[in-house]
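Let the hints inform the model, and build the full structure from the sequences given.
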Amino acid sequence: MTFRDDSASHPPLDYPAYKSTALRHPKEPLVLLPQRLTELTGPVLGDGRLGPLDHDLTRQHEGEPIGQRIIVHGHVREDDGRPVPDTLVEIWQANAGGRYRHRWDNWPSPVDPNFSGVGRCLTDKDGYFRFVTIKPGIYPWGNHPNAWRPAHIHFSLFGRAFTQRLVTQMYFPDDPLFFQDPMWNSVHDRDPKAAQRMVCAFDYGATEEQWALAFRWDIVLRGEDATPMET
Amino acid sequence: MTTPSQTVGPYLGIGLPWPDGPDVVPEGTPGRIRIHGRVLDGAGQPVPDALVETWQADPEGRFDSGFRGFGRCPTDDAGEWEIFTLKPGALGDGQAPHIDVSVFARGLLNRCVTRIYFADADNAGDPVLESVPAERRATLLAEPGPDGYRFDVRLQGEGETVFFKL
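Listed in order, the protein sequences are those of chains A and B. For the first sequence, position 194 matches number 197 in the numbering used here, and the numbering has no gaps at all. For the second sequence, position 74 matches number 119 in the numbering used here, and the numbering has no gaps at all.
Treat the hints as calculated values from the structure; they're not laboratory data. Warning: the hint list may mix true and false statements.
Stated by the list, open to error - BS3-like mimics (lysine-lysine), calculated; alpha carbons at most 27 Å apart, straight line:
1) LYS210/B to LYS132/B
2) LYS30/A to LYS210/B
3) LYS196/A to LYS22/A
4) LYS196/A to LYS210/B
5) LYS196/A to LYS138/A
6) LYS22/A to LYS210/B
To be verified - Cβ pair distances, simulated, as ranges:
7) ASP17/A to PRO62/B: 25 to 31 Å
8) ASN109/A to ASP165/B: 43 to 49 Å
9) GLY202/B to PRO15/A: 16 to 22 Å
Ideal Cβ positions, reconstructed from N, Cα and C, are used throughout, including at glycine.
Structure follows, in structure tokens:
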């Protein structure tokens with residue numbers, strides 16, 4: 004068993020419109036690493052790593068954070084549809100004003116003392132995950148004139164093998180800032196449909212009345228190569 | 046179709062580090078070694094917003110023994126990272142003892158994958174090392190030193206680390 008090549012889904016490491024890639028992308032060709040045992044296994048993480056409120060970013064402090072309360076939920080699957088159960092999902096994000104609780108983030112938008120912006124959960128047996136958080140704000144950065152990051156939540160996933168490891172960002176539907184965002188465009192330039200796979204869907208059916216809006220986002224990790232057909 | 050990768054960005058430090066991330070095995074574990082190094086960019090400057098993750102077999106070359114096998118360490122302002130682990134054993138398939146490594150950073154739209162081998166081990170016949178141009182193999186060797194094994198990651202430029210396509 005090996006995992007199917009999915010390199011067409013991913014952005015290039017050399018992408019000049021995102022300036023930080025200039026000195027950080029390897030220039031030598033990548034060497035093919037055949038998938039052997041180390042690549043086909045992965046860490047089992049979770050037990051003891053999660054606190055009871057790690058999945059609810061609105062309840063990690065004494066008070067409630069400012070912002071639009073939202074549920075972000077979905078399934079982690081492999082690209083043949085097989086669920087990925089019991090896998091660690093980690094998220095981090097800006098607060099409602101677009102400010103990260105990080106010593107390097109000093110743009111003039113207030114830190115929210117009731118929001119750390121960090122969450123974790125394990126998928127259940129069906130690969131399902133659910134977070135409660137607030138909608139992250141948009142923030143400016145210095146990549147190009149008048150640059151703004153579309154609202155996004157960072158996601159980190161392990162799957163069941165080293166080969167499946169994925170770190171990505173979830174975007175919100177119809178963000179007006181996609182057109183000028185190099186991270187979005189690094190995917191969209193080559194394959195607009197692939198970029199749409201980074202966008203969650205508004206999920207009215209999962210909203211909690213008088214409490215929270217909901218967005219659904221399904222995450223797809225590399226699946227197994229199809230079994231060769233016998234001829 | 047898989048979900049596309051995106052960069053961890055500059056603020057990974059709030060979300061991904063764990064207090065015990067570098068401790069593949071706890072302090073005091075017999076045989077514990079330190080592996081450390083710097084992540085450097087194409088100008089030779091330290092990368093202070095990277096994350097190094099490691100995945101390896103236990104000392105018997107097994108993945109099913111309950112050994113955590115996983116390490117994770119953000120780089121500091123000098124681009125330095127470290128993990129504390131046990132030396133992996135050989136898997137018995139002709140590969141020399143090795144550790145798989147993922148490097149994430151602002152400016153990397155996808156992770157970079159490399160491998161740590163041990164300069165003081167017998168690496169003869171390892172099929173992965175043999176697939177790498179001979180003059181670049183040394184970039185995959187962790188060198189023993191007074192502070193543990195040193196493994197620098199050069200993302201670009203002279204002495205660029207060998208990165209793999211998985």
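A quick look at each hint next to the structure:
Proposed proximity of LYS210/B and LYS132/B is supported: the alpha carbons are some 24 Å apart, at most 27 Å. Proposed proximity of LYS30/A and LYS210/B is supported: the alpha carbons are some 13 Å apart, at most 27 Å. Between LYS196/A and LYS22/A the CA atoms are separated by roughly 24 Å; this keeps the pair inside 27 Å, and the hint holds. Straight-line distance between C-alpha atoms of LYS196/A and LYS210/B comes to about 23 Å, which keeps the hinted pair within the 27 Å bound.
Proximity of LYS196/A to LYS138/A is assessed by CA-CA distance (about 24 Å); at most 27 Å being required, the pair is judged to hold. Of the pairs offered as hints, the one joining LYS22/A and LYS210/B holds, with about 23 Å between alpha carbons and a cut-off of 27 Å not exceeded. Taking the beta carbon of each, ASP17/A and PRO62/B are about 28 Å apart, inside 25 to 31 Å as hinted. Between ASN109/A and ASP165/B the beta carbon distance is about 45 Å. The supplied range of 43 to 49 Å therefore holds.
Distance hint check for GLY202/B and PRO15/A: the Cβ-Cβ separation is about 18 Å, which falls inside the suggested range of 16 to 22 Å.
In this structure, none of the earlier numbered hints is contradicted; all agree with it.
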